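**Q** Construct all of the structure, not just a fragment, from the sequences and the given hints.
Residue numbers (this note's numbering), protein chains in the order written: chain S, 1 to 338; chain C, 1 to 409.
Read the hints as simulated data drawn from the structure, not as lab findings. As the structure is a computational prediction, the values presented were derived from the model and not from experiment. By construction, the Cβ of each residue, glycine as well, lies at the ideal position given by its N, Cα and C atoms. Incorrect hints may appear among the rest.
[As the list claims (entries may be wrong)] Here are a few chain C residues that sit away from chain S, every Cβ distance over 10 Å (derived from the structure):
1. Gln27
2. Gly76
3. Leu209
4. Val234
5. Asp301
6. Asn308
7. Glu322
8. Lys337
9. Gln354
10. Lys371
11. Gly392
12. Ser403
[What the hints assert, rightly or not] With a cut-off of at most 27 Å between alpha-carbon atoms, the simulated DSS-like pairs for lysine-lysine come out as follows:
13. C:Lys257 with C:Lys394
14. C:Lys359 with C:Lys167
15. S:Lys299 with C:Lys313
16. C:Lys320 with C:Lys371
17. C:Lys353 with C:Lys123
18. S:Lys299 with S:Lys44
19. S:Lys44 with C:Lys123
20. C:Lys123 with S:Lys164
21. S:Lys299 with C:Lys78
22. C:Lys313 with C:Lys59
23. C:Lys196 with C:Lys228
24. C:Lys40 with C:Lys359
25. C:Lys177 with C:Lys196
26. S:Lys164 with C:Lys146
27. C:Lys306 with C:Lys320
28. S:Lys299 with C:Lys59
29. C:Lys78 with C:Lys128
30. C:Lys193 with C:Lys177
31. C:Lys129 with C:Lys29
32. S:Lys164 with C:Lys129
33. C:Lys146 with C:Lys196
34. C:Lys228 with C:Lys193
35. S:Lys164 with C:Lys128
36. C:Lys177 with C:Lys257
37. S:Lys299 with C:Lys40
38. C:Lys128 with S:Lys44
39. S:Lys299 with C:Lys320
40. C:Lys167 with C:Lys202
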Amino acid sequence: MSAAEEVVTEAPAVEAVPKRAMTLGYGTSLVVLAALILTPLFVKNFIIFQMTMVLIYGLAVLALNILTGGSGQFSLGQSAFYAVGAYTSAILMEHANINYALTLPVAGIICFAFGFLFGQPALRLSGVYLALATFALATAMPQLLKLGYFEHWTGGVQGLVVTKPDAPFGLPLSQDMWLYYFTLAITIGIYIASVNLLRSRSGRAFMAIRDNEIAASAMGIDVSLYKTLAFGVSAGITGVAGGLGAIAVQFVAPDGYTITLAISLFLGMVVGGVGWLPGSIVGSAFIIFVPNMAESISKGLSGAVFGVLLFLVIFLVPHGARQVALVAQQLAAKLKKN
Amino acid sequence: MPFKLRTAVLSAAVIAFAASSGSAFAQKKYDTGASDTEIKIGNIIPYSGPASAYGSIGKTEAAYFRMINDRGGINGRKVNFISYDDAYSPPKAVEQVRKLVESDEVLVVFNPLGTPSNTAIQKYLNSKKIPQLFVATGATKWNDAKNFPWTIGWQPSYQSEAHIYAKWLMKEKPDAKIAILYQNDDFGKDYLKGTKDGLGAKASSMIMLEESYEISEPTIDSHIVKIKAANPDVLLIYATPKFAAQTIKKTAELGWKPLQIVTNVSISVGSVMQPAGFENAQGVLSAAYAKDGSDPQWNNDPGMKKWNEFLDKYMPGADKTESALVYGYGAAQTLAKVIEMCGNDLTRANVMKQAASLKNFTPDTLLPGVKINTSATDFAPISQLQMMRFKGQKWELFGEIISGDVLAD
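**A** See the structure below:
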């Protein structure tokens, strides 16, 4: 059997998601947006902090969603890109005294380059092999950050403490609330850009590669370019999320970016629905709040309880939040008819 | 804005309440988290994740406060101990500590575990002026009353322990040729620094080799072979339990008999000495500050009797060889003492002040002679240890209690 035949007979790694099903309708989007803008006015700072973290992890899950849901490539190495973004922001803020907002594009660009370069050798791999290669990246990252050569910059195992920014222009907002709206603005910007990317020529190329690589190249798509590009874009967005995470948590340390984080992000993507961008926020909420719920049920068995909850979700709604949204939509349509 | 208004109303109510109650009970003072009937204590510890073995500390502390409450609480107030899982992840630690402070509204955060997690929450707690009491880590940086007046340590720091080894070596073996095997992270490097500082000017002549290993290495045999080739007569093993056991075993296999010292972190008979082989571990040295729960020499010790009774009643079935049970008991007892000393002035400032004025306090589980002392400038509660030697199947203490206070840089 030749290599080409093998690829053809292989079942597609990711189920094809039609382009239009990747986003929410206008009405629903506006309702969600209004909820995201108004809720912080009525809750405690701590909840605002948690919401900020949901947005930040949501961005990282979204990035993975573009890579896996869009171009059909797996990655268990997102924590590495997240770490690079976080350290870039932290080092620029603490050592070079650069404004926090300016560190984010730098983090994005560095991670884009990092992801693009990593995408080159990864081109030769697909499916589980690619997942393993990225897994190696995630395992290596915390140790690289501890290396003596970089210790002057990274602070070694001790990590770096980051100063939290105040609201600018004397706005009467608490630090947490300002950071939330700042994160929200960036999230909305990246979300809109991602939706547009997937609807564009490049997005169609991603999806063509995802659905059938050979057919895509026969149609004149530069497969290697678009595959590495998808890696780059995904890494870039993850880097921005990492930078925001460093600012929100006020601390970076190698132990914060272990393989557990990469798996959490992967989990968030599956729970949110692979290839369904709005699901990223749902997935991110899952990875933040469900462990807390599990802990409140049983402290000694929190891991087991989490496993059971996860199993239930995958068993009952294998397509994650997308499936729930679809069912809700059908119900709403039925009600309208009656 | 509604939230502003709410805060204003709330604070007005609090001020009004404070004003009206002030005259009634003049001496009682409370901050958030304390009242006539209850004191809320927050805690974070890894119950899940790579360091989940430490979860037993949190469970012991919870059980200890259950016992205190069954006996009527502290000065008539019940302790409400709220402990969350941070999975040894700094971002999670920040989230959980903020939940404790802003949602559960605890009076203090007590015994949070791990150097990364504590570093992540230190700035936040200090800016909010909330005590970060008796942190469960051996890093030296917690003894820094000037820059972080709301953070205080508990156990001896790694550096002060290393100081003690250096002092002992200079006295007992002044012409020693020392090799140091250390873990390449903050834990190992703190020990390395403490040893060098302790040896002072003699460090360069006495230390002939420093060899580091990564925690990810499956075995450290090759390092031992390399060290043996340099032929030192003292081997300092600044390693975590698994690697300490491997080192002791490998040196014996090579038929090499240097004087070996292991850190206090790796003194467990069950998880270090036994796997290394009792016959190989004879004569290994270390230092301790707490009693060993499985050591029969404490069978008639009044403190350990209390500890045993507590475990039988409040944690039936617990594995008494686990050092976490000794640790959690001692830390919880120290906190109970501080709260008792606060009397009816349960403000955060007073809790901190009392925590920094412990004088010769001896929890049931510390070695005889080891005392907790703190002051406005000394935020390292335990800084004494006693040398011990492994003989037969247990540790034998010897020599004086040695003190080794180290300030943060």
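**Q** Confirm or reject each hint.
**A** A quick look at each hint next to the structure:
Every CB of chain S lies more than 10 Å from the CB of C:Gln27, the least distance being 32 Å, so the non-interface label holds. With a minimum CB-CB distance of about 28 Å to chain S, C:Gly76 clears the 10 Å threshold, and the non-interface call stands. Annotated as non-interface, C:Leu209 keeps its C-beta farther than 10 Å from every C-beta of chain S; the closest such distance is 18 Å. Here C:Val234 stays apart from chain S, with its beta-carbon at least about 25 Å from theirs, past the 10 Å limit.
For C:Asp301, the condition that its CB be more than 10 Å from all CB atoms of chain S holds, with the nearest at approximately 30 Å. No Cβ of chain S approaches the Cβ of C:Asn308 within 10 Å, the least distance being about 22 Å, so the stated non-interface status holds. Against the 10 Å criterion, C:Glu322 stays outside the reach of chain S, whose nearest CB is about 14 Å from its own CB. Remark: the non-interface label on C:Lys337 is consistent with the geometry, its nearest Cβ contact in chain S lying 26 Å away (cut-off 10 Å).
Once the 10 Å rule is applied to beta carbons, C:Gln354 is consistent with being away from chain S; the minimum gap is 28 Å. For C:Lys371, the non-interface assignment is confirmed: its Cβ lies about 30 Å from the closest Cβ of chain S, beyond the 10 Å cut-off. The claim that C:Gly392 is not at the interface with chain S holds, since no C-beta of that chain comes within 10 Å of its own (minimum 35 Å). Every beta carbon of chain S lies more than 10 Å from that of C:Ser403, the smallest distance being close to 26 Å; the non-interface claim holds.
The suggested pairing of C:Lys257 with C:Lys394 holds, with an alpha-carbon distance near 19 Å, which does not exceed 27 Å. Between C:Lys359 and C:Lys167 the CA atoms are separated by roughly 25 Å; this keeps the pair inside 27 Å, and the hint holds. Between S:Lys299 and C:Lys313, the direct Cα distance comes to roughly 20 Å. Compliance with the 27 Å bound is thereby established for this hinted pair. At roughly 23 Å between alpha-carbon atoms, C:Lys320 and C:Lys371 fall within 27 Å of each other, so this suggested pair holds.
For the hint pairing C:Lys353 with C:Lys123, the CA-to-CA distance comes to about 19 Å; that is within 27 Å, so the pair holds. Annotation: proposed proximity of S:Lys299 to S:Lys44 holds, straight-line Cα distance about 25 Å (limit 27 Å). Restraint check for S:Lys44 and C:Lys123: satisfied, since their Cα atoms lie roughly 20 Å apart, inside the 27 Å limit. This hinted pair checks out: C:Lys123 and S:Lys164 have alpha carbons roughly 10 Å apart, not beyond 27 Å.
Distance hint between S:Lys299 and C:Lys78 is fulfilled; the C-alpha atoms sit about 22 Å from each other, no more than 27 Å. For a cut-off of 27 Å, the pair hint linking C:Lys313 to C:Lys59 stands: about 14 Å separates their Cα positions. Our distance criterion of 27 Å between C-alpha atoms is met by C:Lys196 and C:Lys228, whose separation comes to about 21 Å. Annotation: proposed proximity of C:Lys40 to C:Lys359 holds, straight-line Cα distance about 25 Å (limit 27 Å).
As the CA atoms of C:Lys177 and C:Lys196 are separated by approximately 14 Å, the hinted pair is consistent with the 27 Å bound. For the hint pairing S:Lys164 with C:Lys146, the CA-to-CA distance comes to about 22 Å; that is within 27 Å, so the pair holds. Among the hinted pairs, C:Lys306 with C:Lys320 is consistent with the structure: their alpha-carbon atoms are about 13 Å apart, no more than 27 Å. For the hint linking S:Lys299 to C:Lys59, the alpha-carbon distance of about 9 Å falls within 27 Å, and the restraint holds.
For the hint linking C:Lys78 to C:Lys128, the alpha-carbon distance of about 25 Å falls within 27 Å, and the restraint holds. Between C:Lys193 and C:Lys177 the CA atoms are separated by roughly 17 Å; this keeps the pair inside 27 Å, and the hint holds. Of the pairs offered as hints, the one joining C:Lys129 and C:Lys29 holds, with about 16 Å between alpha carbons and a cut-off of 27 Å not exceeded. For the suggested pair S:Lys164 and C:Lys129, the alpha carbons sit about 17 Å apart, so the restraint of at most 27 Å is met.
With a C-alpha separation of about 25 Å, the suggested pairing of C:Lys146 with C:Lys196 holds against the 27 Å cut-off. Distance hint between C:Lys228 and C:Lys193 is fulfilled; the C-alpha atoms sit about 22 Å from each other, no more than 27 Å. For a cut-off of 27 Å, the pair hint linking S:Lys164 to C:Lys128 stands: about 14 Å separates their Cα positions. The suggested pairing of C:Lys177 with C:Lys257 holds, with an alpha-carbon distance near 13 Å, which does not exceed 27 Å.
Between S:Lys299 and C:Lys40 the CA atoms are separated by roughly 19 Å; this keeps the pair inside 27 Å, and the hint holds. Taken as a hint, the C:Lys128 and S:Lys44 pair is honoured in the structure, with Cα atoms around 15 Å apart against an allowance of 27 Å. In summary, the hint linking S:Lys299 to C:Lys320 is supported, as the alpha carbons are separated by about 21 Å, within the 27 Å threshold. Between the alpha carbons of C:Lys167 and C:Lys202 the distance comes to roughly 11 Å, so the proposed pair stays at or under 27 Å and holds.
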